[in-house]
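Visitor: Read off the chains here:
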Amino acid sequence: MRERRLPVIRGTEAWLIVVIALMVLFLGLATDTFLTVSNLFNLLNVSAINLIFAVGLLAVLVAGGIDISFAVAASVVQYLTALAVEQLGGGSWALGFALAAGFGFCLGAINAGLIHYFRIISIVVTIATFNVFFGFLMFFTRGVSIYDLPDWWLDRVILFETQTASGLFAEIRLPVAVMAVMVLLSWVLIHRLNIGRQLYALGDNPDGARRIGINIAAMHFVAYGWLGICAGIGGLMQANYVQEVVPNALYGRELEVLAAVVLGGARLGGGRGTVLGAVLGVALITITSNGLNLLGVTPYAFQMVIGLVILVAIIATNLQSSGLLGQRRRVRS
Amino acid sequence: MSDAAQLQTASAARPLVLQLKRISKSFGGVRALRDVDFEIAQGEICCLAGENGSGKSTLIKIITGVHRPDGAAEILFGGRRLGALTPVTARQLGVQVIWQDLSLFPHLTVAENIGFEQNLGHRPRWARRGAFRAVAQGVLDRLGLRLPLDTPVMDLAIAQRQVVAICRALATDPKVLFMDEPTASLTKAETDALLDVVRKLARDGIAVVFVSHRLAEVLEISERVTVLRDGAKVGDFDSEGMTQRRLTELMTGATFDDEVHARDRHDAPIVLQTDGLTRRGEYEDVSITIRQGEVLGLTGLLGAGRTELAATLFGLTQPDSGSFSLGGQRMSFASNRDAIEAGISYVPEDRLSLGLVQPQSIADNIVAPVLKRIMGAGGLIDRRTKDRLVGHWIDRLAIKVGKPDDAVSMLSGGNQQRVVLAKWLATEPKLMILDAPTVGVDVGARAAIFEIVRGLAEAGMAILLISDEIPEVYFNADRVLHMRDGRIVGEYRPRETSMTALEAAVHA
Amino acid sequence: MRDGWNRLGRILDGRQVEIVGLAAVLVLVLVAFGVTTPRFLTLGTFQSMAFQLPELGLLTLAMLIPILSGGLNLAVTFSANICALVLAWTLQTFGGPDAGVFAFALGVGLALLTGFVIGTVMGLIVAFLGAHPILVSLSMMIFLRGVGELITRGGDISGFPAFVTTLGHGTVAAIPVPLIIFVIVAFAVHIVLTRTRLGFATHMLGSNIEATRYSGINTKLSLTLVYSLSGVIAAVAGIIMLSRFNSVRIGHGEAYLLITVLACFLGGVDPFGGFGRTVSVVLALIILQAISSGLNLMGANQHLATGLWGAFLIAVMVVRWGLGRWRAARASAASASPRAPPKSQTTKETAR
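Read top to bottom, the protein sequences are chains A, B and C.
First residue of the first sequence: 1, per my numbering; consecutive thereafter.
First residue of the second sequence: 1, per my numbering; consecutive thereafter.
First residue of the third sequence: 1, per my numbering; consecutive thereafter.
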């Protein structure tokens, strides 16, 4: 018996890899800009924040929940962090991360508490908190953006740069490294720790999870809290990326990320989904819009194509499972 | 049997694992349990028998710490008196339950399910694949069984899932193991294998409490039967010398006569005739006839193709070849709507998820197949017609309801099954297919359901009664067909065959 | 005393509790604003409420039916935009400001047809492929927004004949025209849901689609029609929005999307599907509108109202939770059988 085995990639993930590979191949041939260092670095920079959100959301989806509020929660965290570091006299990256993660966790914990202690289902809770977070944020900030963030926060930390043939600098910025860390941590949490197995179990069979003695309350706080932390840190990075804090900048991002994660094979209802899938889902959407851009398609058409891509993907994956392709389930074994 | 007898003699010497004294439990004003004593010794196999609502599940929930008993109750574990029992302490003491629904995690692998206990707690720990596999392999080796460790549980057959659930309980080294209806969805061979495993566990010193509706098994496996009725203990009885009939009487407090009801219907007009009906991988070359007023039994092991055949007759699937006719007319159904239109009704085996729309009202469930009949002016539902129709069927089948607007899920299993019958009778069918109509129905209520069914046959309806409980078809059907591997392999007439002969043929 | 408790118990147990409760909350909100804001209890306020309510109201009705069927239609707002765009395009083809009533009628017809087609496509995917409605409607939303952006290039489309504004701003016997349209649609939805086969099927399949199919109901057709109907109602909402703003812009009413879901839940619609009443949802809408209008009069902006709406939904859900526990305690005290309650709905959610 082999002790170590390569993880088997199957189902949606395998399918996505094929599609992405085909797209990369096509774009590589059709454009001379796609497969350049600067474009690939650009892809990473552009998708970093959505990836941070996506792996956080995955934890909630795996546990059988859904969260609509995390993107506006990220905006709330941006403001709270900005206010706090101002109070604390400037702060630093370390403080910024700690505060963003802390505030994010608290907002996630509000969701978890309402879901667990009052037995309200997650979509109702998070639609309510979505409105609470966003409404009060816009009310108290009067919709005013913050431009005078502390220097450390606005500092474009460049982790790696290289001069391309055209003389331009291609660079990888801080959000990418943070994204890598968050993806890794999520992977550890969801796939490598006992907690992750319990999250799957909870999403898979809530009654069974209760009976076997899983601490359901703890799992809710882990899932929504982790998404909160990811949202907070994603918010911190988004402000660094766009160099300002705009209260409604992330409004609407929740559905975009949700679509990407579910595209990546996470099941609404729980029990299924992988970090790899979530990353691939975001990658597919990012590469699609990047490719359209490079092909010279008008930006106005991007959303339409992305919507179509997801729609086709849903139809394709469900055609397989619905048995309309003529497979017959063998009842007898 | 000699095996059981051997254990019996040893029982006196075995120390008691668990003793429950004066257990009472009230919910609101209702007493679910009254002064029940229960005890079990190391290595003993005991059976807890009683109808739905007799207090079995409340008792299990008290032992597993889900509910707290009232008043002067006393729980002793290994002779030591316990204070408050919580689910966690119960597990730590070694009380494990295998629930009827198994409570497994379908998307997790076999190894992960079996080794799940290692995952518990919210202090972060590595979940190592190797550790799971080791735990799982250890338990499987102990039972001398094999399972694919890395397969998600959802890809396993039901019997294998049952084994996974047992392994998961064993992985925690339990002292007392409760098994709630473990054989409900197993075939005879699988059940036998399971009972062997249970005996093996008992030899290893585990106390096993078996909860089952199937009285034959109860008597076969257990040394002692504890009977509960209406929340009170009727008594402890030695399994040896106990008969099924006596046990039924103890559980229900009523006496039942099993008698063969078969009549000869061979000159009545044919209602349904199938001719070489085949659906590849499901059933093959099925040619049967059912006559007016006839109850045709169809039995065979789980997976013999019975339910699949019913699905085709009800228009849910289409045959690959062969044909069937209803009342002499050749039929071809695109969907079950055509079948209903033609006069075929189907009471599915799975009442909870297919037979009824559980959370919806009794009234809506009854009118669902006959919406056309309650349409009034302008294509709108006529409430008065609806109420009349619903009232008629509730009366006719003596369904005990509070209000027709109550959710079906609030009814007992027996009354739910009456609602299912009512909804199909409202369509005035020529042929009624009943697929395992008594699963989850009390012994007492079963007799009432068969009385209704026989009444319908008497009134001229053709009935196809599918069941893997041989006594059920033997006593109630006019003819019994035996299906194996998708083919009809035998026909029996209850008046000309003994039940033992039929059982022998089916289980051969 | 005991008698009083019993009577209260009967009310709280009854089917009308949602409506009674929501009506009480509405009265409370009206009184509170009436006391604090002198200008609140005037005809003008109610008229302005009556002009604003229909947009959100129609979109909520478009959301209600899919939720009852156990799904969700996240594409309602952009469906409304696209349908409005179809109407605008028809009007422009027939001369923009000079277009006649016929062109308008044609445009309305085409807009409704567009809504029907959009809904039907979603319905077909949900019903025949079993894809998750959230996902299907979400991708349809992204797609429609993209189509709209491509057509309008992010700009406004305006220049409609003068009579179009009557639809958005006119009154009949002091009752705003949009409100009349909303009431008609709400009544129609109520009738469809309570008295027709489609409505019956919607509730049943919202609870358990397989069992409904076994009962001989054409679940695939019904589920498809649920989304078709949702699309048509969204189209009506789009037409009203066009006439209210006298222009079409992709993203008009976008902020309403999650509010429509909120309004449904507030109105007691079961998030898992199968249960919910149009009347309660309309009451919930009036409460939301009253809060928003009242705050507006007090000088606060819409965002505060949005935040309070969310807080209000949480409060209502917590009250419902308390009421549910109380009822369960009562039921187990009153029931003659110690049987455990039926399995919780969590199982059902997983099954989807």
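Warning: the hint list may mix true and false statements.
List time: in silico SDA-like cross-link candidates among lysine to any residue, alpha-carbon distance up to 25 angstroms [as the list claims (entries may be wrong)]: (1) K175/B - A159/B; (2) K430/B - L316/B; (3) K403/B - R197/C; (4) K403/B - G34/C; (5) K372/B - R388/B; (6) K403/B - R325/C; (7) K200/B - E259/B; (8) K220/C - L316/B; (9) K61/B - A329/C; (10) K220/C - Q318/B; (11) K220/C - D238/B; (12) K403/B - W326/C; (13) K21/B - K61/B; (14) K188/B - L143/B; (15) K403/B - R320/C; (16) K372/B - R320/C; (17) K430/B - K200/B; (18) K220/C - G269/A; (19) K400/B - A329/C; (20) K61/B - D207/A; (21) K61/B - R210/A; (22) K403/B - V20/C; (23) K403/B - T42/C; (24) K220/C - L380/B; (25) K372/B - L198/C; (26) K175/B - W93/A; (27) K61/B - V20/C.
These are calculated hints, taken from the structure and not from any lab test.
Predicted, not measured: the structure shown is a model, and the values here were computed from it.
Visitor: With reference to the structure, classify each hint as holding or not holding.
Guide: Checked hints:
1. K175/B - A159/B: Between K175/B and A159/B the Cα gap is close to 24 angstroms, so the pair holds against 25 angstroms.
2. K430/B - L316/B: 18 angstroms, holds
3. K403/B - R197/C: Given pair K403/B, R197/C holds - Cα atoms ~23 angstroms apart, limit 25 angstroms.
4. K403/B - G34/C: 42 angstroms, violated
5. K372/B - R388/B: Holds: K372/B and R388/B sit about 15 angstroms apart, inside 25 angstroms.
6. K403/B - R325/C: 22 angstroms, holds
7. K200/B - E259/B: Judged against 25 angstroms, a Cα distance of about 37 angstroms means the pair is violated.
8. K220/C - L316/B: 14 angstroms, holds
9. K61/B - A329/C: 18 angstroms, holds
10. K220/C - Q318/B: At roughly 18 angstroms apart (the allowed maximum being 25 angstroms), Q318/B and K220/C satisfy the hint.
11. K220/C - D238/B: 55 angstroms, violated
12. K403/B - W326/C: Given that 25 angstroms is the threshold and the Cα spacing comes to 21 angstroms, the pair holds.
13. K21/B - K61/B: 15 angstroms, holds
14. K188/B - L143/B: Roughly 19 angstroms separates the two Cα atoms, so the pair holds.
15. K403/B - R320/C: This hinted pair holds, its Cα atoms lying about 23 angstroms apart.
16. K372/B - R320/C: Violated - the C-alpha atoms of R320/C and K372/B are around 37 angstroms apart, more than 25 angstroms.
17. K430/B - K200/B: Measuring from Cα to Cα gives roughly 50 angstroms; hence the hint is violated.
18. K220/C - G269/A: Between K220/C and G269/A the Cα gap is close to 22 angstroms, so the pair holds against 25 angstroms.
19. K400/B - A329/C: 22 angstroms, holds
20. K61/B - D207/A: With Cα atoms ~14 angstroms apart, K61/B and D207/A stay inside 25 angstroms; holds.
21. K61/B - R210/A: Holds, because 13 angstroms separates the two Cα atoms, which is no more than 25 angstroms.
22. K403/B - V20/C: It holds: about 21 angstroms lies between the C-alpha atoms, which stays within 25 angstroms.
23. K403/B - T42/C: 45 angstroms, violated
24. K220/C - L380/B: 21 angstroms, holds
25. K372/B - L198/C: Distance ~12 angstroms between K372/B and L198/C Cα, so the pair holds.
26. K175/B - W93/A: It is violated: about 55 angstroms lies between the C-alpha atoms, which goes past 25 angstroms.
27. K61/B - V20/C: 38 angstroms, violated
The structure fails hints 4, 7, 11, 16, 17, 23, 26 and 27 (numbered hints given earlier, in ascending order).
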